Every structure is written in structure tokens, then in C-alpha cells.
Amino acid sequence: MQLASAVDPQLADLSNKLIYSAMVVYTLAMFAHMIEWTFGSKGAVAVRSKEQSGSLGEAVAAAGKKAAKKVTVTVAAAGGGTTTLTRTAVAGEGATVVTSGRGAEEEDGPGAAGTSEKADLAGRIAVSLTVLALMLHGGGIITRGLSVSRWPWGNMYEFSCAFAFAMAAAYLVLLAARKKVRWLGLPVVLAVLLTLGIATTVLYTDSDQLVPALHSPWLAIHVSTAIFCGGAFYAAFIATLLYLGKDSFEKRAAAGLATGSLGTPASVWQRLPAASTFDKLSYRINALVFPLWTFTIIAGAIWAEAAWGKYWEWDPKETWSFITWVAYACYLHARATAGWRGRKAAYLALAAFACWLFNYYGVNIFVTGKHSYAGI
Amino acid sequence: MSNTTTETEQPPAPDDTAAERLSTAPVESDGPTGIGVLGWARWMWRQLTSMRVALVLLFLLSLAAIPGSLIPQYQNGQGQLKVEAWKAQHGTVAPVYEKLQLFDVYSSVWFSAIYILLFLSLAGCIVPRTWQFVGVLRAQPPAAPRNLTRMPVHAAWRTAADPDAVNAAAHRLLRKRGFRANLSGGAVAAEKGYLREVGNLLFHLSLFALLGGFAWASLASGTGGKLMVEGEAYSNTITQLDDFNGTRFYGNQDLDPFYLKLDTFTAKFQSSGSQIGAARQFTANVEYAAGSDTSKLKKSTIEVNHPLEIGGSKVYLIGHGFAPVVTVRNAKGDVVYSGATPFLPQDGNQTSTGVVKVSDYGQKDGQRTQLGFSGFFLPTAPVSFEGTGPVSLFPDDAAPELVLNAYAGDLGTDSGLPQNIYQLNLRKMTQLTQDGQPAKVRLKPGQAWELPDGYGSVTFEGYKRWASFDVSHRPGNVIALTGGVLAILGLIGSLFIQRRRIWVRAVALPGGGTQVELAGLGRSESAKIAEELAELAVDLQDDAPASEEEDAPGSAEDDVPSAEEDTPAAAAEDTAAPDDSEAEASAPAVPADQNSKE
Ligand code: HEM
Numbered sequence: 001m002q003l004a005s006a007v008d009p010q011l012a013d014l015s016n017k018l019i020y021s022a023m024v025v026y027t028l029a030m031f032a033h034m035i036e037w038t039f040g041s042k043g044a045v046a047v048r049s050k051e052q053s054g055s056l057g058e059a060v061a062a063a064g065k066k067a068a069k070k071v072t073v074t075v076a077a078a079g080g081g082t083t084t085l086t087r088t089a090v091a092g093e094g095a096t097v098v099t100s101g102r103g104a105e106e107e108d109g110p111g112a113a114g115t116s117e118k119a120d121l122a123g124r125i126a127v128s129l130t131v132l133a134l135m136l137h138g139g140g141i142i143t144r145g146l147s148v149s150r151w152p153w154g155n156m157y158e159f160s161c162a163f164a165f166a167m168a169a170a171y172l173v174l175l176a177a178r179k180k181v182r183w184l185g186l187p188v189v190l191a192v193l194l195t196l197g198i199a200t201t202v203l204y205t206d207s208d209q210l211v212p213a214l215h216s217p218w219l220a221i222h223v224s225t226a227i228f229c230g231g232a233f234y235a236a237f238i239a240t241l242l243y244l245g246k247d248s249f250e251k252r253a254a255a256g257l258a259t260g261s262l263g264t265p266a267s268v269w270q271r272l273p274a275a276s277t278f279d280k281l282s283y284r285i286n287a288l289v290f291p292l293w294t295f296t297i298i299a300g301a302i303w304a305e306a307a308w309g310k311y312w313e314w315d316p317k318e319t320w321s322f323i324t325w326v327a328y329a330c331y332l333h334a335r336a337t338a339g340w341r342g343r344k345a346a347y348l349a350l351a352a353f354a355c356w357l358f359n360y361y362g363v364n365i366f367v368t369g370k371h372s373y374a375g376i
Numbered sequence: 001m002s003n004t005t006t007e008t009e010q011p012p013a014p015d016d017t018a019a020e021r022l023s024t025a026p027v028e029s030d031g032p033t034g035i036g037v038l039g040w041a042r043w044m045w046r047q048l049t050s051m052r053v054a055l056v057l058l059f060l061l062s063l064a065a066i067p068g069s070l071i072p073q074y075q076n077g078q079g080q081l082k083v084e085a086w087k088a089q090h091g092t093v094a095p096v097y098e099k100l101q102l103f104d105v106y107s108s109v110w111f112s113a114i115y116i117l118l119f120l121s122l123a124g125c126i127v128p129r130t131w132q133f134v135g136v137l138r139a140q141p142p143a144a145p146r147n148l149t150r151m152p153v154h155a156a157w158r159t160a161a162d163p164d165a166v167n168a169a170a171h172r173l174l175r176k177r178g179f180r181a182n183l184s185g186g187a188v189a190a191e192k193g194y195l196r197e198v199g200n201l202l203f204h205l206s207l208f209a210l211l212g213g214f215a216w217a218s219l220a221s222g223t224g225g226k227l228m229v230e231g232e233a234y235s236n237t238i239t240q241l242d243d244f245n246g247t248r249f250y251g252n253q254d255l256d257p258f259y260l261k262l263d264t265f266t267a268k269f270q271s272s273g274s275q276i277g278a279a280r281q282f283t284a285n286v287e288y289a290a291g292s293d294t295s296k297l298k299k300s301t302i303e304v305n306h307p308l309e310i311g312g313s314k315v316y317l318i319g320h321g322f323a324p325v326v327t328v329r330n331a332k333g334d335v336v337y338s339g340a341t342p343f344l345p346q347d348g349n350q351t352s353t354g355v356v357k358v359s360d361y362g363q364k365d366g367q368r369t370q371l372g373f374s375g376f377f378l379p380t381a382p383v384s385f386e387g388t389g390p391v392s393l394f395p396d397d398a399a400p401e402l403v404l405n406a407y408a409g410d411l412g413t414d415s416g417l418p419q420n421i422y423q424l425n426l427r428k429m430t431q432l433t434q435d436g437q438p439a440k441v442r443l444k445p446g447q448a449w450e451l452p453d454g455y456g457s458v459t460f461e462g463y464k465r466w467a468s469f470d471v472s473h474r475p476g477n478v479i480a481l482t483g484g485v486l487a488i489l490g491l492i493g494s495l496f497i498q499r500r501r502i503w504v505r506a507v508a509l510p511g512g513g514t515q516v517e518l519a520g521l522g523r524s525e526s527a528k529i530a531e532e533l534a535e536l537a538v539d540l541q542d543d544a545p546a547s548e549e550e551d552a553p554g555s556a557e558d559d560v561p562s563a564e565e566d567t568p569a570a571a572a573e574d575t576a577a578p579d580d581s582e583a584e585a586s587a588p589a590v591p592a593d594q595n596s597k598e
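Protein sequences appear in the order of chains D and A.
Oh and the first sequence: position 234 is 234 in the numbering used here, straight run, nothing missing.
Oh and the second sequence: position 172 is 172 in the numbering used here, straight run, nothing missing.
Next comes chain A alone, as it looks inside the complex (with noise of 0.2 Å):
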């Protein structure tokens, strides 16, 4: 567009290429325009930030997107067991499935080509027009095409007023409608609607900063997991974290310092009507201190959808459970364990399993003996388990129980492999039995077991919530973030702002008399460009009174007002007008709008 002020008068081109030009859109190529290598790299490059490219790639993305929303996918919450399941499932296919990386669609070799093929179009077609935009703002507007009634809007008109006035009165009310006017060679060149194009520019560019935010995010963050029964604290280290995924940028040694201590959970359920049981709040009150100082706590809570912010990582609450305490006693009454152990929620009743290991039980008989319960935590038990199985009936404790069984033997714990907390290996223990059955216990808190065979005893002292939280770093939000927030304000004056031209010019006639003509551009669906031009023309009337002899007011039958007939090419090619490209660009947008206002 920077070569826009070379063309003033050369018929009859301009009319085409004023109307073409008003088009954002790049210019099509057909085909390769040099020869080998080069040419074809150049073509192909020219193929990729093509308009047409652009559609296909943006069309190829969403299509790309549906597999991910109908196959579990390995980075949801929860993905890897789901896509265990799946491909437990669906033996067959699985594989093939792995191998088109349909579980990782996001992170697929094709989804990300189509996109970076996206982002490399875009850069190819924005930068550009950017340099262009610069050029046309540079630049006064292009100059009027010489036949005006020949555009898609005109308006023409005889009057007695000098030329040189109106243009210049012309002049001065299309600068006082905001439009930068030029007026040179007897004629009016004026354009308005410019943040349109810096609208759209700034919306595609900010589509990389999104991409960006995007980008430094997988880079750069990692989250960890952590979970702490009440009264419980933990550095937050790589030793002390549960578990923790970290990426290039993000690793073991560059987590957040900070101390976080779980005073108490609550929990809040529906407790009647038919969503009975359903979660309403949860609420976890924290004490915490961002670095390794840890002698000055603040308080605080962490909520469902409220993170704590500790140092450059944040907090969510994630799931909660029961913790029961336990203690167990040997058989000359010494206690060789007591805690309280996390219970795992099977259901959204909260009916819980966990297991307790004794490790440090001592010796039995002269052997080196562990003990291992495994068992149910019900929040809520029902009176019988006939039928049902141990299940809670509510997911909070309004009658709490424990179930367990109870092992002897080797609990493996001294292998130094890593083992499941919830989970006991029973390789080497066997279940204690008690009248020829597995021996088998419900506790209410503050009750106790009697074991077989002169084990000790078990007592059920209670119980204690546990919370667990993601501890998550994620950079690069911020980026994000301003990227989404630009995307709509450049989407807003994209597709809100109409960009358009206007000209007049006022010649004497040769009979005397000046001839009046106006012609207006838009190249966007809904501009009022007719509307404008009317308005424009209205005001014009002070400065260029129409002659007496034009024709009565109030005849909307008539189309073309006298004044027009006597142009020299209206008349003739008025109604055959859009014959060539003009037509193309401009007319099927224009007409479309003339009447959208009463």
C-alpha cells in the first residue's frame, strides 16, 4: 500500500486499484513468478501466507482439535489412569493409537506443525502489513479517481458556488468528521477508519503473545503435590513433596522455598434434597512463610477457588479425606505405633481405604515381626454391611467407623525399593484368622481390638482430615493474559471500525456553473458509507446550494436527479457500471447497506 500517492491521474486505472486496494487482504499470486529454486521457494512462501492457506490451516486446526476431546488425554487431570483404562479397553487399536500419539494430540507432531505452520503464516502475512500500514499512514490518502459517478456511492450535483470553495468547504468538513483530508488538484481526497487496521494488526499480533505465554509455560513450570493431615507441615523441597513434575526450565532445584502448615479442613455437604452428599465448600486453613524463615507464620485459607500465592508458586486445593489415628499396642502393652494415617476416597461418599504399617512392631515369639492393617474408613457407616459392603451413606462423619483386617510378616518395608503408602504387599504376610475366619474388626472411635493370637491390641482413637494441595509454578501467565486481553480490544476495532474514502471534487463548467461530485469507498460489509456520503452531501449544501432546477423534493420514485444526466459518462455508463475488478471488491458489500436505516 506504500505506493499509494503515485497514483493520481491514470485512467483508468485507479478506480480499480483504490477499491482493491481499501481491501486488507494481501494480494493473490497464481503461480511461481521466477525460475528454480529460489522462484519455487518464493512461491511457496508466498502459498503459505496466502489468505487461501490461512483458512485451510485454520480449518486443518480445529478439525485436528476434535481427537483430543474424544480420546483421554495423557496431560488431563487424572490422564494417565484414564488412558490406562481406555487402552485397556480397546486392545486392538491401542497401539495404533500410541503411534498417531492420539492420546498426546496436543503435543502431536501434526497438531503442532499445523500450528506452527498457522503461526509462520501469520508472521509471513502480518510483519508485512505492518510495514505497509506504516507506508499508508506516511502517505496523504490516494487521490480521487478521475470519474467519481463511475464509484459504487456517488452523489453529483450542479451549483453557482466557485469550485475552489467548495472544495475547500469540503475540505474542511470531512477533517471536521475526524477523516485526514488532502486537497490537491482540484479535488478532495479524504479517509478515515485507520484503527481498523491497527485493530486487526494488533489482534493477529497479539495471537503471539499468547502463543508465547503459552510457550513459556510448558517450558518453564512444574507442579508438585503434597498431602498433610491436620496439624501437619512440610518444607516445600523436592524431599518433602509427594510427587513433582518439573520441565526444562523448572527443575528439583528450583522450587519456591516456602512452609506450609495444615491447621485444620472443613468441609460443608448437602445434606438433604436430591443432591444429597454433594460437596458445597471446602475450606483449608493454612499457616505458611514464603522463604526458609519460618518464625514468622501468617495465617490464611485455601479454597476450592481460591489458591494461596507463596512466593512465585501457588497453592490449589485439590482433594480431601479422612485420616483415622490409630494405636497399636504389643502384647506386653507397649506402644509400637500411633498416627494418623490418609485414607484414599473411593466414592464421593467419602468410603475410604487405606492401610496402617507397623513396622517397628518388634519381635513375636523370638522372629523379627511387622503388622499390616488394611481396611475402611466410612464416614458415615450403615448400621449392616449386608449386601452392600463396607460403604459410607455421606461423605461427612456423622457416623463414623473403621474396618480393618489385620496381617503378620514381612512387610518388605526394608527392601529400600519405594513403596505404595495405601497399599499393602502381601507377599509375605498372612492374614490373621480368628475362629477359622479372617479375623476382621468395626471400630467406633475410641474403641479398640483385641488380635488373635496374642498380638496386641488395636485402638481407634479417633480421626483427623487430611487436605492435598498442587504446589504449581507456572510462568508466563501474565504474557498470556495481556495477549487475551489485546486480542479482543484489536478483535473489537477490527470488526467494529469501518474503514472508508471519500473524494469530491468541484469543477467549473464549461457553460458556467460548478459541477459537484462526490464518491465514497468502503470495503467492509456493514459500512454506512451511503449514510456518510449523504450526510456529508447534506452538509455541503451551505457551502454548494444545489441550483433551482433540480428536481422537487419528496419524489423518491425518482432515481437519478437531473444534475446527474448531465455528467458526461454517468449517464452512459451509470447502470453498466460494474463490469470490471472495481465490481468485485466493492460493489456486493456496499449495496448491501444503503437502506439499513429508516
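With the rest of the complex left out, here is chain D (with noise of 0.2 Å):
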């Protein structure tokens, strides 16, 4: 009788640990995100502008008047009036500074934080903490694998658990690069421990080694770019959800009314990014994830190749990435194409992003297919 190799008991239930404190540091950031969100205040919009255009003006006056070359390039705004993008080069220096007349100040809102200095403080805490909690969360996988010696994606739990990270990577990633995004901590943060919440009480498994057929580098390259592909329909399904909201908020607030939709407190919307950025913001992460998912069908087509002879033999798991997949590019084209942009094309991203939810739960729940893997 041969034994397969085994597994180190130590590494896979320190993995747990790791991953639990996780979920509890991530906790904590969610409560500090909502001290950022309840303290926060309307009102920064006149502060900062200031702040900007001081900036601007430091640089020119730096360079010396003659020097500085600036242009205002006048855009037209979709409501109908327009906006200015100005933009002052330093001559000899090959620098320009950007800056926007009325733009993104003022209407993607100050964020969650207001004016108010504690509830910034709060913010900057729970990110700190969203980055502890992500390390604690990493070192979890890691050590999952270890444990192992192999990828560790192989059963429901590990797709979860990779798949909030890189949710929760992703949100990093995009403040590291000093975008705006202050705002999707909150919604990160719950998606992040409601996906982990699922994974260790109905998903959990022990870490084993893999069935035969899931030996494969396939398993690697396909199964982390759905999982990368999980995270950002995941992100863009957030941004369109806000989208919805705030866009109704606008139009009720253009009718004169002082709530958002179902009675959402005004305040709220008052601080989130205006209605098209998150438009726009759930079109680009959709569109660029897009090629990335037709990538994804094409890996797992390769793979099934070669562990069961078919590329493709409408195996449920296979159906339903491919009716995600349709249902992306029915969005994609209506965006593109067809003129349904709007609240339109929201409904179809959000439809689209309920099939890939069933992809992911339904199908591996309630269908039986040859997409069973260890465990669940």
C-alpha cells in the first residue's frame, strides 16, 4: 500500500489561526470604517479646492509668471453644462501640473470622512487595520499551501479564502495608487467577511492533498485568474450597486426630495463619488476583467483537454462560465453599442454578476457536475 505524501498538521492549523485573526482584524476595521462613516460630516469640497488651487499657484508663481504656460481645455458636462480641465506646463522643467477647475472635488464628494478630523482618523485606522488583517490573511494562504506542498486552491473553502484577498488586495492596490477610493472600504471589508464568514462555517475543509485530477499547473493559472476575475466582478458589482443608489439619490434630489431611495440617509450619499464615476468605475473594471474571464473559459477548456479528452462538454460548471461570460459581453455590448447605458446597463451588470454568483455557489452546491472537487 503506497501513502501519498502528507500533511504537516502544524502549518494547516496555524493556516486556521491565521486565517480566523483575519477575520477578526478585519472585524475591527469594519467597526472603525463605520465610526468613519457615522462621525463624518458633509462639507469638505470648499477646503480642498482651496488647498488645490494654492498648490497650482505655488508651483507658477515658483516658475516665474513669463515661464509657465497654462490651458484650459473646456469640457462638456452630461447634464448639460460644462466643466474645465486646466493643465500649466513649467517650461524648462518638462513638468506639468494638473488641475481641475470644477471636477472631481466636488462631485465624487470628500469621501466617508467628511471634515470631520476624527472620522478621517477612524478611516486611516481601519485601513491600517484592512492591511493587517490582509498580512494575517495572506500568511493564512500561504501557510495553507505549505501545509501541502501545492497551490492552495483546490476545494471550495481555498477558492473563498483566496478570493477575499484578492477583494481585499485589490482595494489596497488602488489606494497605494492614491486613487479615491477611500469610500469602497466599507463595502470591501463586509463582502471580504461575509465570503470568509461562508468559507469556514459551510464551505470548510481539511487541508489535504488533491484528488488526481486536479494535478495539473492549470490548476494554478486557471483557477487564480477566476479567482482574480472573481474579486473584480465582485468589486464592480459593489460600484454598481452604489451607482444605482446614488444615482436615484441625484434624481430625487433634483425633484427635491432629501432622502435617497428606501429612506438611505441623504449624509450618506451626500459623501459618496457622484453617480457617473461609479458608472464609469464598474463599466472599466468590467471591460477590463472581461478579457481576462474569456481567458479564464480558454485555460479551463485547455485543462479539461487534457484531463478528460473534451475541451468542452457542457459540464454545468462549463455552462455557466459561459452563460457569465454571455451575459458580460450582452453588457459590454449594450454599453458599447446599443445606446443602454445608464440604469440599463446596470441591471444587465448586475444580472451578470448573479450568474457568476451562481457559478460559484449554485453550481458547486446544488448541481453535481465533474467540477466536485475535494471536500465540496
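Be careful, since some hints might not be right.
Just a sample of chain D residues kept apart from chain A, beta carbon distances all over 10 Å, derived [to be verified]:
#, residue
1, LEU132
2, GLY145
3, ALA170
4, LEU190
5, ALA255
6, ALA266
7, SER267
8, LYS310
9, TRP314
10, HIS333
Here are the computed lysine to any residue pairs in the SDA-like style, where the Cα-Cα straight-line distance is at most 25 Å [what the hints assert, rightly or not]:
#, chain 1, residue 1, chain 2, residue 2
11, A, LYS444, A, ASN349
12, D, LYS317, A, PHE208
13, A, LYS444, A, THR459
14, A, LYS268, D, TRP151
15, A, LYS528, A, ARG196
16, A, LYS176, A, VAL134
17, D, LYS179, D, ARG284
It should be emphasised that the hints constitute simulated quantities derived from the structure, not laboratory data.
The structure displayed is predicted, hence computed values, not measured ones.
All C-beta atoms, glycine included, are put in the ideal place defined by N, C-alpha and C.
Since each chain sits alone in its own frame, please combine them into the complex, following the hints.
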């Protein structure tokens, strides 16, 4: 009788502890974000734009008035007005300073913290906690992989952990790239906790070796891209939801109503970016991920060809990946050509994400096919 | 798009059409244009190739794919069995489902209709677009609209420089930025990002390659099955395969000739933890030769993710099990049967069932007799069958045992009808009894069983492993894969490259000086056109410095530079601008992006 290479129980145990610790820290981050939202207030616009024109003024003054070349570009705005974009070139240095006359600051709101310094502090603490949690989370994934000397995504529990990691990491990368996305913190942390919660309770499987069907380099390629796509689709989904909420708030505000739909408080919506920003964000993420999702499906087909002899067999998982793909193609088409922008396109994006969710959870739990992994 | 060059100075249409044109979407038509059958046919064709219908068809395609994931399908692995089981459970609706082809969704009439229509629509959309695009490439970028400050993204200032020099500089700068630029009629027209359209066309065309690969595979592929016990070999011909499913262009005669021998098979299983018994590794060690010459055999292995390619076929490992080796002797002690018989696993722990048919038993009591044995092979047998029956506890051979029942009579093998080698036909067989009970035995390797009533003996010599293989010939994979790769490349081009136009016009003002106007038009969602225009405007300052009286720097609140107010038309129209169809096509997309950089 031959034995497969064993599992290192200490590492496996450590992995579980790290994941649980990460969940605790994510929870703390969530509370910090809640404090940020609760104590934040609106009204930062004036302060910020003063700051900015100040810095522009300084830059130009430093270079000497003559040497500065300033150009203003006028842009028609969606609502019918115009906004401007001003660029100032500082001669001799090749550097340009860009500022917006009426732009991101005002349109995109001040963020969760508003003008409150306390709330801003809470927000910063929340981000730091998220970083810490992410490190624990990453440690949990790595030790899980080390405990069995393989890629740590062989079953639903492991996918979910990696997937939540992808989400949190993507958010922090955006922050690190100085994008104004701190408002995403609360929804991201909530989504991460939800995913990890389901993973550790419903989907948990002990650390172990893989069935032979999963012994393939394609496991690393196909599954990791699938995980990344999942994280990104999730983010786009959040942006789409916020778009719908903010859009209806903007419409209601234009109609003189004081709250968002379902009686949500105006102060929350006011601190969020403009609806058009959310719309753009969700489109961009979806458009960015679509080619990768296409790749994921093709990589899966290549793997299936190696493992089962047919690259496409309409196995439920394959079928739902295809359905998801077509649904996102629908959404992109609608945006690109049929003039279905705005809310209609957003509903399509939601439907496409629902397909993705069903593919992820539904197919594994309710439908049996060849993609039944170790454990669930 | 091929007529873009004709529109030079036809105000005010150029603005609208220029904006419209940059969208690569085909123009939608609202009603039948001609009369009679031809008119309607054309109208229908136009409808079919319209984006709206393409969208509906795409949506239908995803809806239509759903039932196949929830209802068992014939074409899936073990589909036949699952469909039969499902039908037995749902007696009343099964015939209806069968009629609706719900067990065969992906080759059903309605599913096929949807994708065929979709591809027709695609062809009708993509072919004209390709020609249009060729026309666009041959022509110059569309000339500048009359009124640049009416465009959604624009800039304007006054300079002392000579208009011709400014235009020439703009032309040079735009070229340097990779634009296709054309200077004529006192203005520069430039366009960039043609690869977007190339990518888009490539993507849609490669979908045809994918479909072609699929179609070719379904017309010219075949799959055979072969089970071999360790030490056995076979030649890949229709008579030696266990089963074969061919297609129109790959039938019995087309099988790729090769020889394959299974030397040994090894399996590893999880031996502890919660997933005890889970499979970890299977390896079939084989020898093979392509063609019919078996003098030079090559050694290789076949594993679950590593099929072996021989000739034009791939051999996949799909199953494994045990084959107990049994020797049967008659009453005189002559060996009447000896060999390994594959038993079929019934559960994850390799509880296996099978039969041994002794058709050459000979005579007993002056009568021609045959023997049959049915039973279980348990790689890890429990101490007692009490309460559980004969089940294996572990999929590997930790405590192997063979459980047998014995029958005598007529096996029915002489009837000429094909027989299931894993089942006994008991119609003319009677079970042997011992002490009034059905005769039954548990044997460990090496043990023998003296059959009741003087029928002789059975010896359980040991066991071998067997492995089953799919031999699959599937052409078209390369076509499909190429299609897939091109699709991704095309998508990247289509989604990440922005197509945009920039116009620059410098004209001498009646009162002296030069008015410089720039406008940009990007149709797609994330065009950074405002940024780009601003950069160009900054670069242009070297050759066309803004006059001194321009507003002071730093006043971000100043929306409208003073220079702009001097422009006739601009002041009045600026705020009221988006009231025509141009606004529909471009305004919502562009402003969204104006501030994407900090
Ligand atoms: C077979 C299914 C199809 C799929 C999966 C598909 C997918 C896509 C995708 C992903 C895009 C990129 C969207 C973008 O550029 O933002 C696109 C663009 C486009 N598709 Fe399709 N498509 C299909 C069929 C069709 C058909 C039947 C038509 C024509 C009737 C069509 C016409 C177009 C056009 C005109 C664009 C360009 C949009 C633009 O201007 O950027 N497609 N398609």
C-alpha cells in the first residue's frame, strides 16, 4: 500500500488560526469604517479646492510667471453644463501640473470622513487594520499551501479564502496608487468578511492533498485567474449597486427630495462620489476583467482537454461560465453600441454578476458535475 | 464610413455625423425602406444585423444554456445513465422533456437556431464593417467641423504667431503623438486608435474560428473505450476496442493504427485524515507503437492530466480497478479456467463486483455443463460483513478478499448474442448449495474453495489491476484554440485602445493676431481625450504662445478663458450646445472622464 505525501498538521492548524485572526482584524476594520461613516460630515469641498489652487499657484509662482504656460480645456458635462480642465506647463522642467476647475473634488464628494478629523482618523485606522488583516490573511493562505506543498486553491474553502484576499488586495492596491477609493473600504471589508464567513462555516474542508484530476499546472493558471476575475467582478458589482443608489439619490435630490431611495440618509450619499463616477468605475472594471474571464474559460477548456479528453462538455460549471461570459458580453454590447447606458446597463451588469455568483456557489452546492472538488 | 472624405465644409451636419461616425456601431434603421418582398427581406436582414437584435440573441443564448446545466444531458460524461435515472424518477414529464430536446439542449433545434441566427447576425454585421474600415484606412481623417468650440472637448486661445505656422506645428505634434494627421484647408484633422477597430473585428471574426473548430470536432471526431488488465495489450481496431463512437468523417475504418500495452498500474490514496481514501495519484505504465509495426515499442506513462498522444489520437486514463486471478479445476483436477477478470468498482472504496464465466467446463455427470461465479472483490475487506454486507473499507489493497457465489448450468454464451461480461445470465443457471444454503465463500489470495457436489475447485491466485482508457481523435482543437487566443487579443485591443479624433484650426483674426482652436472627440467610455487635448495644447504653446492678456494662472474657478469669449458663436452656444444628436452620441461618454487624473 502506498501513501501519498502527508499533510503537515501544524502548518494546517496555523493556517486556520491565521484566517480566523484575519477575520477578527477585518471585523475591527469594519467597525472603524462604520465610525468613519457615522462621525464624518459633508463639507470638505471648499477646503480642498482652496488647497489645490494654492498648490497650483505656488507651482506657477515658483517657476516665474512668464515661464508658465497655462491651458484650459473645456469639456461639456453630461447634464448640459461645462467643466474645465486646466493644465499648466512649467517651462524648462518639462513637468506639468494639472488641476481641475470644477471637477473630481466636488462631483465625487469628500468621502466617508467628510470634514471631520476624528472620522478621518477612524478611516485611517480602518485602512491600517485592513492592511494588517490582509497580511494575516495572506499568511493563512501561504501556510495552507505549504502544509500540503501545493497551490492553495483545491477546494471551495481555499478558493473563497483566495478570492476574499484578491478583493481586499485589489482595494489596497488602488489606495496605494493614490486613487480616491477609501469610500470603498466599508463595502469591501463587508464583502471579504461575508466570503470568509461562508468559507469557514459552510465550505470548510481540512487541509489535504488533491485528487489526481487537480494535479496540473493549469490549476495554478486557470483557478488563480478565476479567483482574480471573481474579486474584480465583485468590486464592479459593489460599484454598480452604489451607482444605482447614488443615481436615484441624485434624481431625487433634483426633484427636491431629501433622502435617497428606501429612506437612506442623504448624508451618506452626499459623501460618496458622483453617480457617473460609479458608473464609469463599474464599466471599467468589467471591461478590464472581461478579456481575463475569456482567458480563464479558455484555460479551463485546455485543462479539460488534458484531463477529460474534451475541451468542452457542457458540464454545469462550464455551462455557467459560458452563461456568465455571454451575460457580460451583453452588458458590454449594451454599453458600447445599443445606447443602453445608465440604469438599464447597470441592471444587465447585476444580472451578469448574479450568473457569476450562481456559478461560484450555486453550481458547486446544488448541481453535480465534474467540477466537484475535494470536500465541496 | 467610406464616405467620410466627402464631408468638408457642410455646416452644420459635419459635427453631428463626425460624432456619430466615431461610434463603430452600425446605423440602425427603423422601418422597411423598399416595397414588396425584396424590401421586406432587406428590412429583415437589417433587423437581424442590428445591434438590438444581436443583444436580444445574446441574451437568449445565455438563457437557453441554463436548462442544460440543471437537467442531465446525454452528451455529458455518463450522461446516458443519468438521463435514464432521471427519466425513471420523473415519469410524467420525461416524454415532454424528450420532445423539447431538454436532454440534448446543446444540439437541440432551438439552441442551434439561436446561435446560428447570432452568427448570421454577426456575419451580417462584421463583413460590411470590415469593408468600411478598409475604406476608413484608405481615406484621410474626417475634416474639421466648422465650429470647433461646439465640440464636447475643446480649447481656444489667441496668439501672435502666424496661422500657417501654428497649423504646421500642430500637424507635426500630432504626428509625433502617433496620430494619422492631415493638414488641409487651414486646419489639421487627426485620428488615432485604429487598432481598436482592428481588435474589435478580430474578436468577432475569431468567434467564427471558434465555431468552426467546434463544428469540425463534432463532425470528424471519434472516441473509443478500452479496458486492459496489467500485462494486456491491444491494437487500435474496431474489433479490439470495447466500444467506439464515430462521426460522419471518422468511422470504423478511420481509426488511427497503433498498439498499446498496459504494463503496470499504480495508485496512491490518502491514508489518513478526514479525506481518507481520496485518490491522490494514478499512473499507467504503458508500452506503445504507432502504426502497425510492433517491433519497436516505446515506454511511457499515462496519468489523469497527462494523456498519451499516439498517431492522431490521444489516450486518456479514465478508470481503474482490480481484476482477481482465478483458477478453476474440474472434478478430475484439470484446469478449465485460469485468468484475470476485471471487476467493476461500485464505490469510492473500490468495492468491486464481477463475474467469472467458465464456458469450457466440459461434462459433468455425462452432461455438458458450464459454471458461473458472481461476487465481490474487496481490496480492504472488513473482519465481518455483519450489518454492512461485503464492502471495502479502503480503495487500496490492504486486506484483499474475494467473495464468490457459484452457479452451474447454461451460461447462454453459445446463443451468439453479445453478452455483458460483467453479468451472469441466470435464466438457465442454478446456484450451488451447501448444507441447504446457497454456496458462498470468502477467499484470501492463495486460498482455494472446494465446490459442493463435486464440481471441482476454485483457487484465488491473486489479483492484478486494470485501467480503462478513452481513445479520442478530435481534430479542430488547434482551430478552436487559435480562435480563442485571437479572441483575447482582439478583445484587449477592442476594450483598451481608445479611438479618438483631434482637430486644430488656426485662423487669422480680422483685427490682427491668430485664433487657435482645438477640439477632441472620443467616443468610448474611458477616453482620456480631455487630458490628451490639454497636453497637446501645452505642447503647442511653444509655437503658438498665448497672448499676454490671457487670464492669470491659478484661478481654477475661471471656467471660460477670456480668449474664448472673443470667439464668435462660442459664447452663445457654449452652454446650450448639447441639444442635437451630437450630444446623444458623445456628450455622455466624454465628460465622465474629464477629471480622471488628479
Ligand atoms: C457571438 C456573440 C458576440 C459576442 C460574444 C460579442 C462580444 C462583444 C464584445 C465583448 C464587444 C466589446 C465591447 C466594447 O468594445 O466595448 C463587442 C463589440 C461590438 N460588437 Fe459584438 N459580440 C457578439 C456578436 C455581435 C453581433 C451579432 C454584432 C452585430 C450585429 C456585434 C457587433 C458589435 C459591435 C458593432 C461592437 C463594437 C462596439 C464598439 O463600438 O466598441 N457583435 N462585442
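We went through each hint and held it up to the structure:
The Cβ of LEU132 (chain D) sits about 27 Å from the closest Cβ of chain A, beyond the 10 Å cut-off, so the non-interface label holds. Distance to chain A confirms GLY145 (chain D) as a non-interface residue, since its nearest Cβ pair spans about 17 Å, more than 10 Å. The claim that ALA170 (chain D) lies off the interface holds: its Cβ sits roughly 18 Å from the closest Cβ of chain A, which is beyond the 10 Å cut-off. With a least beta-carbon separation of about 26 Å from chain A, LEU190 (chain D) lies farther than 10 Å from that chain, consistent with its non-interface assignment.
Remark: the non-interface label on ALA255 (chain D) is consistent with the geometry, its nearest Cβ contact in chain A lying 20 Å away (cut-off 10 Å). Under the 10 Å C-beta cut-off, the non-interface status given to ALA266 (chain D) relative to chain A holds; the minimum distance is some 23 Å. Against the 10 Å criterion, SER267 (chain D) stays outside the reach of chain A, whose nearest CB is about 24 Å from its own CB. The beta carbon of LYS310 (chain D) sits about 7 Å from the closest Cβ of chain A, which is not more than 10 Å, so the claim that it is off the interface is violated.
Distance check for TRP314 (chain D) against chain A: the nearest CB is about 5 Å away, which does not clear 10 Å, and the non-interface claim fails. At the 10 Å boundary, the C-beta of HIS333 (chain D) falls inside the reach of chain A, the nearest C-beta of that chain being 6 Å off. As the CA atoms of LYS444 (chain A) and ASN349 (chain A) are separated by approximately 18 Å, the hinted pair is consistent with the 25 Å bound. Distance hint between LYS317 (chain D) and PHE208 (chain A) is fulfilled; the C-alpha atoms sit about 23 Å from each other, no more than 25 Å.
A C-alpha spacing of about 10 Å is found between LYS444 (chain A) and THR459 (chain A), which places the hinted pair at or below 25 Å, so the restraint holds. Annotation: proposed proximity of LYS268 (chain A) to TRP151 (chain D) holds, straight-line Cα distance about 19 Å (limit 25 Å). A threshold of 25 Å between alpha carbons decides the hint, and for LYS528 (chain A) with ARG196 (chain A) the separation of about 15 Å falls inside it, so the pair holds. Only pairs whose Cα atoms come within 25 Å are accepted, and LYS176 (chain A) paired with VAL134 (chain A) is accepted, the gap being roughly 24 Å.
Of the pairs offered as hints, the one joining LYS179 (chain D) and ARG284 (chain D) holds, with about 14 Å between alpha carbons and a cut-off of 25 Å not exceeded.
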